[in-house]
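**Q** Below, each chain spelled out in residue letters.
4 protein chains.
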Amino acid sequence: MNKPDKTYSKAPWRAKLYEVIYEADTPMGKLFDIVLLIVIVFSIILVMLESIAHLNAKYYEEFYIAEWAITIFFSVEYILRIITIHKPKKYIFSFYGIVDFLSTIPSYIAYFAGGNNMWLAIRALRLLRVFRILKVTRYIGESNRLIGALKNSRAKIIVFLYAVIIICIIMGTVMYLVEGPEHGYTSIPLSIYWCIVTLTTVGFGDIHPVTPLGQFIASFIMIIGYGVIAVPTGIVSAEISKSDRNTVHTNTQVCPVCHESTHTDHAGFCHNCGNKLNEK
Amino acid sequence: MNKPDKTYSKAPWRAKLYEVIYEADTPMGKLFDIVLLIVIVFSIILVMLESIAHLNAKYYEEFYIAEWAITIFFSVEYILRIITIHKPKKYIFSFYGIVDFLSTIPSYIAYFAGGNNMWLAIRALRLLRVFRILKVTRYIGESNRLIGALKNSRAKIIVFLYAVIIICIIMGTVMYLVEGPEHGYTSIPLSIYWCIVTLTTVGFGDIHPVTPLGQFIASFIMIIGYGVIAVPTGIVSAEISKSDRNTVHTNTQVCPVCHESTHTDHAGFCHNCGNKLNEK
Amino acid sequence: MNKPDKTYSKAPWRAKLYEVIYEADTPMGKLFDIVLLIVIVFSIILVMLESIAHLNAKYYEEFYIAEWAITIFFSVEYILRIITIHKPKKYIFSFYGIVDFLSTIPSYIAYFAGGNNMWLAIRALRLLRVFRILKVTRYIGESNRLIGALKNSRAKIIVFLYAVIIICIIMGTVMYLVEGPEHGYTSIPLSIYWCIVTLTTVGFGDIHPVTPLGQFIASFIMIIGYGVIAVPTGIVSAEISKSDRNTVHTNTQVCPVCHESTHTDHAGFCHNCGNKLNEK
Amino acid sequence: MNKPDKTYSKAPWRAKLYEVIYEADTPMGKLFDIVLLIVIVFSIILVMLESIAHLNAKYYEEFYIAEWAITIFFSVEYILRIITIHKPKKYIFSFYGIVDFLSTIPSYIAYFAGGNNMWLAIRALRLLRVFRILKVTRYIGESNRLIGALKNSRAKIIVFLYAVIIICIIMGTVMYLVEGPEHGYTSIPLSIYWCIVTLTTVGFGDIHPVTPLGQFIASFIMIIGYGVIAVPTGIVSAEISKSDRNTVHTNTQVCPVCHESTHTDHAGFCHNCGNKLNEK
Chain A
1 MNKPDKTYSK
11 APWRAKLYEV
21 IYEADTPMGK
31 LFDIVLLIVI
41 VFSIILVMLE
51 SIAHLNAKYY
61 EEFYIAEWAI
71 TIFFSVEYIL
81 RIITIHKPKK
91 YIFSFYGIVD
101 FLSTIPSYIA
111 YFAGGNNMWL
121 AIRALRLLRV
131 FRILKVTRYI
141 GESNRLIGAL
151 KNSRAKIIVF
161 LYAVIIICII
171 MGTVMYLVEG
181 PEHGYTSIPL
191 SIYWCIVTLT
201 TVGFGDIHPV
211 TPLGQFIASF
221 IMIIGYGVIA
231 VPTGIVSAEI
241 SKSDRNTVHT
251 NTQVCPVCHE
261 STHTDHAGFC
271 HNCGNKLNEK
Chain B
1 MNKPDKTYSK
11 APWRAKLYEV
21 IYEADTPMGK
31 LFDIVLLIVI
41 VFSIILVMLE
51 SIAHLNAKYY
61 EEFYIAEWAI
71 TIFFSVEYIL
81 RIITIHKPKK
91 YIFSFYGIVD
101 FLSTIPSYIA
111 YFAGGNNMWL
121 AIRALRLLRV
131 FRILKVTRYI
141 GESNRLIGAL
151 KNSRAKIIVF
161 LYAVIIICII
171 MGTVMYLVEG
181 PEHGYTSIPL
191 SIYWCIVTLT
201 TVGFGDIHPV
211 TPLGQFIASF
221 IMIIGYGVIA
231 VPTGIVSAEI
241 SKSDRNTVHT
251 NTQVCPVCHE
261 STHTDHAGFC
271 HNCGNKLNEK
Chain C
1 MNKPDKTYSK
11 APWRAKLYEV
21 IYEADTPMGK
31 LFDIVLLIVI
41 VFSIILVMLE
51 SIAHLNAKYY
61 EEFYIAEWAI
71 TIFFSVEYIL
81 RIITIHKPKK
91 YIFSFYGIVD
101 FLSTIPSYIA
111 YFAGGNNMWL
121 AIRALRLLRV
131 FRILKVTRYI
141 GESNRLIGAL
151 KNSRAKIIVF
161 LYAVIIICII
171 MGTVMYLVEG
181 PEHGYTSIPL
191 SIYWCIVTLT
201 TVGFGDIHPV
211 TPLGQFIASF
221 IMIIGYGVIA
231 VPTGIVSAEI
241 SKSDRNTVHT
251 NTQVCPVCHE
261 STHTDHAGFC
271 HNCGNKLNEK
Chain D
1 MNKPDKTYSK
11 APWRAKLYEV
21 IYEADTPMGK
31 LFDIVLLIVI
41 VFSIILVMLE
51 SIAHLNAKYY
61 EEFYIAEWAI
71 TIFFSVEYIL
81 RIITIHKPKK
91 YIFSFYGIVD
101 FLSTIPSYIA
111 YFAGGNNMWL
121 AIRALRLLRV
131 FRILKVTRYI
141 GESNRLIGAL
151 KNSRAKIIVF
161 LYAVIIICII
171 MGTVMYLVEG
181 PEHGYTSIPL
191 SIYWCIVTLT
201 TVGFGDIHPV
211 TPLGQFIASF
221 IMIIGYGVIA
231 VPTGIVSAEI
241 SKSDRNTVHT
251 NTQVCPVCHE
261 STHTDHAGFC
271 HNCGNKLNEK
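Chains as they are written, first to last, in this note's numbering: chain A, 1 to 280; chain B, 1 to 280; chain C, 1 to 280; chain D, 1 to 280.
Among the hints, erroneous ones may be present.
To be verified - Derived DSSO-like pairs (lysine-lysine); straight-line CA-CA distance at most 30 Å:
| # | chain 1 | residue 1 | chain 2 | residue 2 |
| --- | --- | --- | --- | --- |
| 1 | D | K16 | D | K30 |
| 2 | B | K242 | D | K242 |
| 3 | B | K242 | A | K242 |
| 4 | B | K90 | B | K151 |
| 5 | D | K151 | C | K30 |
| 6 | A | K151 | B | K242 |
| 7 | D | K30 | A | K151 |
| 8 | A | K151 | B | K151 |
| 9 | B | K151 | C | K151 |
| 10 | A | K242 | D | K242 |
| 11 | D | K151 | A | K242 |
| 12 | D | K242 | C | K151 |
| 13 | B | K30 | B | K87 |
| 14 | C | K151 | B | K30 |
| 15 | A | K87 | A | K30 |
| 16 | B | K151 | A | K242 |
| 17 | C | K151 | B | K242 |
| 18 | A | K151 | C | K242 |
| 19 | D | K90 | D | K16 |
Keep in mind the hints are simulated off the structure, nothing from the lab.
Construct all of the structure, not just a fragment, from the sequences and the given hints.
**A** Here it is, written out as C-alpha cells:
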C-alpha cells in the first residue's frame, strides 16, 4: 500500500482523507473500514436477493433504491480514492482499483444500455473488496503461511492435476466406448465430465453406468479416486508439517565456545558446554 | 465441577446425595451414572420412534406413558441437582443446567399449551446430557487432545473456511449466469448451495449442470474441491503430529539447580542456568 | 497355529497330511494352498453369478453341479483338518474353524430344508478363508503395521466417531423439523440417515433439502463434513508417520566411551567421540 | 533414450534428423517438440469433437480432412523415427513405439475395413505421446518423487485396497440379502458395485437403500468409508514427509578420509572410519 507523500502539505484535507480511506490505525480509519465492510456485505446480499424471482417481483422498488444508494456510495468512495492518492494511475490499474471500478459500473451500464443479468452479476465481484479490509486482521499471517505451503507444493500439485486430467480423458473415452450414447454417455467430453464427477467422488448421478462392464470400470475409477486423493493431502500435509517445524527454530544463537547452535527458545547458556550465550 | 462444601454438616443427606448425583467414584455414584445413561439413551430412542408416523399411530399410548415416566424422572433429578448443590444459581445457568432444563420442559409445554413437533424435538437435546457422564471415561484425555489440535489450528481453519465460502459465492454466481433458471439454477443463493454441494464432493444430483460450459466449470469446481480438501487435512495432520511429538518427552532431565525441564535430547548442561545436568 | 505334536508317530500319514494342509513351507503344502485359493475364489465367483437372475436361469444345472463339487471338496478338507490336527476342539471353535464350517453347511441345509437365498449367501463367508492362506505372504508385515497404527489411534478414532454420530443425531433432528415429512424427511431416524449420507460426502440424492433454510443447514453440515474428514486422516497420518520414524532407529549400539546412542544404521565409530563401536 | 551412435557417419542427415526428432536441446529439436505437442493436443480435441453427434453431422468434412492430415503427419513422423534410430526393433516394441503405432493405425483400418467407433477411439491413446515430450520439463523431478513415494508405499496400498475390496464384497452381499432385487439390488455383483460407490463416498444415487435396516447398514458402510480414507492418505502423507526429510540434508559434511557423507546433525567424527570431521 502506498504511503502518503510528505508533499500533501498543500492540501492537508487530502492527507487526512487518505489516512481515513487507506489506513486503519486511526479511529476514523477503522470506522471507515467497518462501515465499508458492512456496505459491501449488504450489497452482496442484495445482489443475491435480487436473483430470487419472487422476492425481486415483490420488493423491486426497494431493491432498486438500495442498489442505487450503494452504487452512489461506492462511486463517491472510488472518486475519493483517486483524488487522495498520490499516484492515481497506479491505483486505477491495480487489482483493487479494477475491482472497485467493476463494483460500480454495472449499475450505470444497466441504467443507460438496458441491463441484463450478465452485467448485474458482475457486482458479485464486490466481494473481492472484502479482502482489502481483512488485510489488517490477524488472520493474514496464517493465510500467508497456507498460501506459502500451497506455493511450495505447486510443482507437485501441477503434476498431480495433470495426472488426474490424463486419467479422466483416457477413462472417459473408455466409458464412452463401453456405455455409449444409449446410456447417456453421448460424447467423449461428456464422458470425461462424468469421469471427473466420479474420480473426485462427487457423483451427481445424472449419468451413471448401466452395463456390468461399465459398472466394473466405474468401480475401478472410484477406487483410484478414493486412493489418489491421498496424494494432494500428503503433499500439503508434509508441506505444512515442514513449515511448522521450520518456524520452531526461532533461536539462532550460536555458542561462542563450542559453536553448538540448536538451543531452545529461552536458552541463556549452551546446553553442550555450559558457557554463557551472547545476549540476543 | 463444584466440590461439596464442608458446611453440608447441617444436612448430611444432601452431602450424600450430592456425591451420588455429581460424582462417580463411589459405587452408588457409578450406579446412578449408569442408570442415567440408560434412561437418556432410552429417551432419545423414544423421541426417534415417535417421529415414525406408523409406529406412533400404533404405539401412541405406550410412547405417551414412557415419555411421561422419563420426563418425571428427569424432573426429579433436576430438582435434586438444584437442592443438593451449594450454588444452585451457578448450576441453573451453566451449560449443563440449561440442557437439563430443556430436557424436561418440552413435555410440560406440550401438555399445557398443546404440543407441536417443534417443541417435542427439543427433547433431542437430551443427547447432550450424555457428555457429562462420559466426562469420567478414559476417552476424555484423547478428546481433549483432539479438541486441542483443532483449537491450535483454528486460525488456519477459519482462513480455509473463509476461502471456501468466497470460492462458493463467486463460482455459484458464475454458474447462475452460465446455467440460469431454466436448468434449475433459479437464484444465486441456490447456485451457491449447489456449489457447496459440489465443492465438498457431496453431489446430491438434485441440480446439475446441463450446458457444456456449465459442465466444464463444474469440473473445475470439483477438481478444486478434490485438491482443496488436502488443506484442512494437512493442517490437522501436522497439528496432531506436532502434539504427538511434544508429548513424547525424549529428554526427561530436570536441572538440579533451576528445575528447568525442557532440555534438548543431547543436552549435557542446563540451557537456563549453565549448571551440569545429572547423567541420564 | 498349532505345531504338530511329536506323538504323531503312531500315524505318520496324519503328520504328513497335517504338514500339507496346515503349513506352506513344503512343495506339497504350497501346492495345496494354491489349489485351495483357486477353489475359494472360484466358489465366490459362483455365488455371485448365481445371484444374477438371467444367468441362474440359463446355467442352473452347471451352477448346481459346480456348487456341489465345491461343497464336497470343502467338506473333505474340513474333515481332514479335524482328523489331522492334534486338538480338534480348539480348531472347531476357532475363528477359522467356524468359517470353514459355515463355508460348507449352507448347501446341505438348502438341500434338506429347501434353500432360500439367506442361507446360500452365507457362502460368501468363504471369502474369509482367503485370509488364512494369505497369512504366509510378504504383505502380512505391512498389514500388521497398518492394523497397529489403527489400534494405536483407536481411542482417538472412537472419540471422533462418537462426535460424528452426535452431530448426525442433532443435525438430523434439526433437518426433520425444518424440512419435515412433506419434503421426504419422514422421520428422525431417516433424517439422521440423510445426515450421515451428507456428512460423509456420499450424497445419494434420494432425499435432499428443498426449503432455503434446509439448504442453508445442509450447506453447514457439508462444510463440517468436508473439514472434519481431516481429523481421522490427521490421526492415522501422524500415527503412521510415528511408526515409520520408530522403525528407522534400527541401530541400537551405544558408544562404550561416551554412551552416545543415536548412530546411523551402518556406523562403525561413534560420531561424538570417535571411538570404535562394539560389533553388532 | 538411446544416444545416437558414432557410426552415423555414413548418413549425416540421419544423425541430424535423429537429433531433431529424439532430442530437445537444439533449437530445431525444441521446435519439433513444440509442433508435435500442438498437433497431439489438436488431434485429441478433434477426436472429442467428432464424438459430439451434432458437431460431427455439421462439420463432417472438415473433421475428415483434419483427421487425415494428422494421420499422415503422425505416419511420416513414425517412419522417420524408425529410419533415424540406431536399433529400430527396440523402438518399435518399446512402450512409446507401440503408442506411436496405435496413434496412426486406427484411421487406416477405419478407411479400409469400414470404421466403427471402437477403432477410432483408440486414437485417444495419442494422449500418451504427450508424456515423451514432457519428459524434458522441470516437473519430471517432482513427478519422479511422487511416483517414488507411491512406490515405497505400494505394499501398504495393496493391503489397503485388498481390505477395501473384501469389505465391499462382504457388505455388498449383506445388502443384497437385506434389500433384495425389489429395491434395485438385483444381484450380488451389482450390490458390490453399489457398495464401492458408497464406500468411496461417490454416491450416484442410481441405487439406494429403502428399508430401515438397509439404511442402517449403509450408514455403517459410509462411516467406514469416511474413516478408512484416512489410511491411504496417512500412508502417502507419511511417505512424502519422509522423502522430504531425507532430501533436507541438514548435515553436509563429508569425511576427509573416507568420503562418507551421511552424518547425523551434531556429528564431530566420521561414523564410518572414526576420523575427525572438518569444522562446519
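**Q** Now tell me, hint by hint, if it's right for this structure.
**A** Hint-by-hint comparison with the structure:
1. D:K16 / D:K30: holds (13 Å)
2. B:K242 / D:K242: This hinted pair holds, its Cα atoms lying about 15 Å apart.
3. B:K242 / A:K242: holds (11 Å)
4. B:K90 / B:K151: holds (26 Å)
5. D:K151 / C:K30: Status holds; Cα separation ~28 Å.
6. A:K151 / B:K242: Distance of about 22 Å is within 30 Å: holds.
7. D:K30 / A:K151: Answer holds: D:K30 to A:K151 is near 28 Å, not above 30 Å.
8. A:K151 / B:K151: Between A:K151 and B:K151 the Cα gap is close to 25 Å, so the pair holds against 30 Å.
9. B:K151 / C:K151: At roughly 25 Å apart (the allowed maximum being 30 Å), C:K151 and B:K151 satisfy the hint.
10. A:K242 / D:K242: With a Cα-Cα distance of about 11 Å, the restraint between A:K242 and D:K242 holds, given a limit of 30 Å.
11. D:K151 / A:K242: holds (22 Å)
12. D:K242 / C:K151: holds (22 Å)
13. B:K30 / B:K87: holds (23 Å)
14. C:K151 / B:K30: OK: C:K151 and B:K30 at ~28 Å, within 30 Å.
15. A:K87 / A:K30: holds (23 Å)
16. B:K151 / A:K242: At roughly 20 Å apart (the allowed maximum being 30 Å), A:K242 and B:K151 satisfy the hint.
17. C:K151 / B:K242: holds (20 Å)
18. A:K151 / C:K242: Between A:K151 and C:K242 the Cα gap is close to 26 Å, so the pair holds against 30 Å.
19. D:K90 / D:K16: holds (20 Å)
Of the numbered hints given earlier, the model fails none.
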